[in-house]
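A.B. asks: Below, each chain spelled out in residue letters.
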Amino acid sequence: MTPAIELIGIDKRFGAVHANKDVTLSIAQGSIHGIIGENGAGKSTLMSILFGFYAADQGEIKVKGQPVSIKSSSDAISHGIGMVHQHFMLVDPFTVLENVVLGAEDGKLIGPALAKARQELTRLAQDYELDVDPDAIVGDLPVGLQQRVEILKALFKGAETLILDEPTGVLTPDEADHLFRILGQLRDQGKTVILITHKLREIMAITDHVSVMRRGEMVATKDTKKTSVEELAELMVGRRVLLRVEKGKAKPGEVVLDVKNLTWKDRKGTPRVDNVSFTVRSGEIVGIAGVSGNGQSEILELISGISRPTSGQIVFEGKDIGILGDPRHVREEGLAHVPEDRQHRGLIATFDASESSILGWHYDETLGKGFRLDRQAVISRCKAEMQEFDVRPADPLLTSAKFSGGNQQKIILARELERDPDLLIVGQPTRGVDIGAIEFIHKRLIALRDQGKAILLVSVELDEIRSLSDRILVMFAGKIMGERGPEANERELGLLMAGVTEDAA
Amino acid sequence: MIRKLLATAALTAMMAASAFAADDKPAIVFDIGGKFDKSFNESMYNGSEKFKAESGTAYGEFEIANEAQREQAIRNFADQGYSPIIAAGFAQAAAVEKVAKEYPDLKFAIVDMVVELPNVQSIVFKEQEGSYLVGMLAAMASKSGKVGFVGGMDIPLIRRFGCGYVQGVKAAKADATVFQSMTGDTGAAWNDPVKGGEITKGQMSQGADVVFAAAGGTGLGVLQAAADGGALSIGVDANQNHLHPGKVLTSMLKRVDVAVYNVMKSGKDGTFTAGIQELGLAEDGVGYAVDDNNKALITAEMTTAVEKAKADIIAGTVMVHDYMADNKCPVE
Amino acid sequence: MASARGELPPWVDLGLIPLLNLVVALLFAGLVVLIIGENPLEAMWIMLKGAVGSLKGWGYLLYYATNFVFTGLAVAVAFHAGLFNIGGEGQAYFAGLGAAIVGLGLEFLPWPLVIPLAILASMLFGAFWAWIPGYLQARRGSHIVITTIMFNFIAGSLMVYFIKDYFRPVGRMAVESREITGAYILSFREIGLRFFDLRLPSTPLNLTVFLAIIAAFVVWYLLWRTKLGYEIRAVGANTEAAIYAGIKPQRIIIITMAISGALAGLMAVNEVLGVQHRLLLEYVGGAGFVGIAVALMGRSHPVGIVLAAMLFGLLYQGGAELSFAKPLISRDMIVVIQGLVILFMGALEYAFRPALAAIFIKAED
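If you read the sequences in order, they're chains A, B and C. One rule links them: number in the working numbering = place in the first sequence (from 1) + 11. One rule links them: number in the working numbering = place in the second sequence (from 1) + 11. One rule links them: number in the working numbering = place in the third sequence (from 1) + 1.
Extracted from the complex, chain A is given alone in its bound form (with noise of 0.2 Å):
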């Protein structure tokens, strides 16, 4: 049978980064081939030359085996190809029909397109599982429902080859769970789906072949049957990984955060964080599970000083730090903040990299005196930090945003850790990162949670925080769900993260 896509030989480069070097994949018609590899791995440089948004230096595409010349999207969809993006390209003031019809109006009147939209709509989701209300906004569904337009404008421009990138990163485990058997539906229809992710477990649930990417190369393609976890992690990595964080028992002492009836409104009034409270002891992990968008961040900012509480108090060894304020003297309080967006806040992209590792311990009087910022301190305090924390490469002068994912966040940390904190809350601590730079990460926090630290974590990474945390909290829509422990099972975890809680169930 001749397969649905092959790429032939695909070479591109930007400057001096060879992001594909001679890539060749087959995909068969009628399955699903998951595409893994770490970050810049280059396997989101492939899928756009396949989908027209960047053009091969050199290489063919052939689609069923006829050659084709694709230089833009819209080449692609005219060839059946359709593309699902990590960020979604939906108007949300639109309409699901709307949407869908957006890019296929199909003549000057929009009439007539959206009453054979609606047909076509009604098909699909009986097909597939695809039911979305078509006169719903865009912007009122939740995210999984938005993801389900994706596919369905896909599907309505005669998409016969679907690619998702990275589809499961803002579902819960519930929703992840229907979109694969929404994939499963489309393959059992004769579709053929390509799924771009990092997330081994969900490329041995789901797919039929394997194709693992590293450094721009394509290093293997397997059948999934015959593969395992460990042996994909290892492709992808070049060495042996340890995908199991290796722990001891926690010995909790003395409680250093105590978080009482938190409560912060936005501009709106709408409480994000809704009567939150807990606590965090030295020597433990406490983990808040839950989908992004539920409170989380705002808990980050509020403890480490960034907001303020509407009302609550933030208690950190005996000092209400909420009432602060203000980052600078939570920091001087002995608390480190990793935060979440790395890219937007965990450091300055243009600067160069010992000005990103004394970010807001820049006052620091061992960094010059009074005024004055002893560029000679802060480079070769930043050499000693990128040597303790292995960041490749070891060189200060190197702009920030030259780093690896995995390499920027082992700056973070290392500059968080360095100032010997007694708490350290951290966000996503491994979003983009590499699963070698994860192993890392992971065995610092624990070494941090050893030397009778408190720590706590947020991830929207149910594994992460099941694998690291000694408690699990589950936050939905600002409120804290329930307190769970590390043995907790992921169905029972995402039921709370979805707000169902076993009283209601």
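One thing to keep in mind: the hints can contain errors.
[To be verified] Here are the simulated lysine-lysine pairs, DSS-like style, with alpha carbons at most 25 Å apart:
(1) B:LYS339 x C:LYS165
(2) C:LYS327 x B:LYS49
(3) B:LYS36 x C:LYS327
(4) A:LYS394 x C:LYS50
(5) B:LYS61 x C:LYS249
(6) C:LYS249 x A:LYS279
(7) B:LYS276 x C:LYS327
(8) C:LYS165 x A:LYS380
(9) C:LYS165 x B:LYS63
(10) A:LYS276 x C:LYS249
(11) C:LYS165 x B:LYS279
(12) C:LYS249 x B:LYS109
(13) C:LYS249 x B:LYS206
(14) B:LYS339 x B:LYS46
(15) A:LYS380 x C:LYS327
(16) B:LYS36 x C:LYS50
(17) C:LYS228 x B:LYS46
(18) A:LYS330 x C:LYS165
Keep in mind the hints are simulated off the structure, nothing from the lab. Quantities reported herein were computed from a predicted structural model and do not represent experimental measurements.
Given chain A, put chains B and C in place with the hints provided.
C.D. replies: Just chains B and C now, kept in the frame of chain A:
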């Protein structure tokens, strides 16, 4: 190749430089307004062009782009031996004073300002005298007994125009009312015809039916507004009667073009003299314009009265007060 | 992870590209000169010779550059905090008030006292004029671009009022103050005559040129060697990250604007004290806006700004000489030529970059 190019460039530059060597060629430095300001600078440009056409002698010219260039331009001309060097406008006085001291052998002239040096001719006009005459005409032509004055930038020089005008108006009609307005406080006031028009409309709505514009380019708006609104206007500096035939009562002539022409000519003839040249009615430096465009507006009676006043002023029996003598005007 | 744009060796980025842009700009300018019927090579030669071919030319070049260094630094400091200060013009203008008040009001003091005080007053007045828009931006959210533009106008009218009604001696036609006699000493020519019995060509160049060099160094030190500078750059590069770091952006905005205004204010020292020796109307003459081009071209780095300011000084002085020598090339033509240089050096800075990047990266393989 490059060397050859450079050599060519150097050669042409040298040739160009030798072309500068100007013995007794006159030069003129226009002020920031630029030589095509349809007013003061342009008038002087016309005088220079007339000289060039008649004598066949080219002259040096420069338009100032910023403050620092005033002195630079005058000095540049002096360096190259131009003489006489004419500075247009009062704002160049400081620069002329400085450079003229350094080049005692060269001749300089400045218009509208006095610089007391042995090699500088200062040309000033008795604007009050010409203004007096057009003031009389305005009062006699007015039916409402109310006339207007629109000045450009509010400086003593323009107040001198206004003061002479008011004296003339009162001399012809003692109970007449004069509305006086200035367009602004900066150089921009010389070139704001829209605002000039608005001010004129304002004065007309108060009853003024003759308006005198002593405001450079701004005056064009004054003349337009008066013509549109059925009032008469009075032009300034050059003869502006032709701009709205039959609707411009007259123009107060201030012959800067003649002055510039005379300086250039005297330089060529060797008759240049330093010192203050005060040009009034007697010297034909100021006056009022009568031509085909406004003949019908000036009655014989008006002509008689004005010509008598002119003769009296020349004879010294009528003294027109000079605002700049004491920064005061005896009448309002 | 390297950026997708690709890296170029520094000498290409900072040397070759600006040079290439300059050459293209001059080619276009040459074309314009050709169209109006003059020889472009000759024109260029006159410009160059007029600006750097004599002590006098250098004097004017450096005098113009002094102004542009101050206004360029003012724009650059604000740029580093992410602020677009278009108000250099007004700040420099308003600062003249400070210079004149001290220069005229404290005349009875000896010049070694008056001049430093007048410099301080210039900075203070300039800083004040920028502080207000800074405050409005930080506390009231009024956009700095709008407010600084408006403040240029306010300064313009206010200065007319002050000079006309308070500084102009009775009977003086020109709207200007009387002479600040204590400031003659700043002029190089004056120094040459008084102390060295040396007759230097008469140019507006004065001691303020050293102040410009000092200011450039101080700005560099402030931005890259102090904690305040670090905070300014952090706010400009990434406000979110700055807040995370405990920096208060509002405070930084206000402080930065005041510094920016003080730098622009130094221009008053050059013009009011150093050259004109009096306060007069519109003496800033667009230097505040040229500062924006200078800062862009100099990539907001003091060294780049000094070089860019000198280039503009060359264009100004060379341009004056050119329109002097060639009446056909009017002063408006000069502005066109200057505009072309700005267009290619500033706005089209990256026009040739992709092509060069391709060449150099190919060559590396």
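A.B. asks: Determine for every hint whether it applies to the structure shown.
C.D. replies: Consistency of the hints with the structure:
A threshold of 25 Å between alpha carbons decides the hint, and for LYS339 of chain B with LYS165 of chain C the separation of about 17 Å falls inside it, so the pair holds. Among the hinted pairs, LYS327 of chain C with LYS49 of chain B is consistent with the structure: their alpha-carbon atoms are about 23 Å apart, no more than 25 Å. Using a Cα cut-off of 25 Å, the hinted pair LYS36 of chain B and LYS327 of chain C holds, with the two alpha carbons roughly 16 Å apart. Pair hint LYS394 of chain A plus LYS50 of chain C does not hold up; C-alpha atoms about 51 Å apart against a cutoff of 25 Å.
With a CA separation close to 68 Å, the supplied pair LYS61 of chain B and LYS249 of chain C exceeds the 25 Å bound. For the given pair, LYS249 of chain C sits about 24 Å from LYS279 of chain A by alpha-carbon distance, which is consistent with the 25 Å threshold. A distance of roughly 24 Å separates the Cα atoms of LYS276 of chain B and LYS327 of chain C; the hinted pair therefore holds under the 25 Å criterion. Using a Cα cut-off of 25 Å, the hinted pair LYS165 of chain C and LYS380 of chain A is violated, with the two alpha carbons roughly 49 Å apart.
Under the criterion of a C-alpha separation no larger than 25 Å, the hint pairing LYS165 of chain C with LYS63 of chain B is inconsistent with the structure, at around 39 Å. Annotation: proposed proximity of LYS276 of chain A to LYS249 of chain C holds, straight-line Cα distance about 22 Å (limit 25 Å). Restraint check for LYS165 of chain C and LYS279 of chain B: the C-alpha separation of about 40 Å exceeds 25 Å, so the hint is violated. Between the alpha carbons of LYS249 of chain C and LYS109 of chain B the distance comes to roughly 53 Å, so the proposed pair goes past 25 Å and is violated.
For the hint linking LYS249 of chain C to LYS206 of chain B, the alpha-carbon distance of about 47 Å lies beyond 25 Å, and the restraint is violated. For the hint pairing LYS339 of chain B with LYS46 of chain B, the CA-to-CA distance comes to about 32 Å; that exceeds 25 Å, so the pair is violated. In summary, the hint linking LYS380 of chain A to LYS327 of chain C is not supported, as the alpha carbons are separated by about 59 Å, beyond the 25 Å threshold. With a C-alpha separation of about 24 Å, the suggested pairing of LYS36 of chain B with LYS50 of chain C holds against the 25 Å cut-off.
Only pairs whose Cα atoms come within 25 Å are accepted, and LYS228 of chain C paired with LYS46 of chain B is rejected, the gap being roughly 54 Å. At roughly 61 Å between alpha-carbon atoms, LYS330 of chain A and LYS165 of chain C are farther apart than 25 Å, so this suggested pair is violated.
Hint compliance for this structure: hints 4, 5, 8, 9, 11, 12, 13, 14, 15, 17 and 18 are broken, all remaining hints hold.
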